[in-house]
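Peer 1: Sequence:
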Amino acid sequence: MTCRPFENPRYCKQEQAFENSTGLMKYEFAGTDLLIVPDNPLAAATINPLHKELTRLFADAGRFQNVVVDLSGVSILDSLGVNLLVGLYKECRKLNKPFRVTGCSPSIRRLFDLYKLTEYFGIE
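All residue numbers for the sequence shown refer to numbering that gives the first Met the number 0, where the first residue is 0 and numbers rise by one.
If you're looking for bench data, these hints aren't it; they were derived computationally from the structure. Wrong hints could be hidden among the right ones.
What the hints assert, rightly or not - Pairs of lysine-lysine residues, derived as DSSO-like cross-links and limited to a Cα-Cα distance of at most 27 Å, are as follows:
#: 1; residue 1: K115; residue 2: K89
#: 2; residue 1: K93; residue 2: K115
#: 3; residue 1: K96; residue 2: K115
#: 4; residue 1: K51; residue 2: K96
#: 5; residue 1: K25; residue 2: K89
Sequences are here, hints too, so could you generate the full structure?
Peer 2: In structure tokens, the structure reads:
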């Protein structure tokens, strides 16, 4: 298994290692973590169906204690994608579950810095 330089090796997985995959994201329950890996850009065209998938996933909040979103495969993140991540963060706060983002490319990291999102949730 090879990880890109900005990926967290703890969450870097081979494609077939995920227990669940939709056309929009892969996810798995890894110990106490819910690991979410978007398969597509987090942009206007994918946000509504992805939000529906995440809502369904969060309905089973008793299965996980922490939420980790791995953005290592995301090359495009627009304002709606940022809004989706902020919404996930708020939902996690409401459920008292830690939220963090991992695998950010340098350009996505700069975007998070610009929006000061690093002050609210963990970014690795």
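Peer 1: Which hints, by number, does the structure contradict?
Peer 2: Going through the list in order, the structure violates no hint and respects every one.
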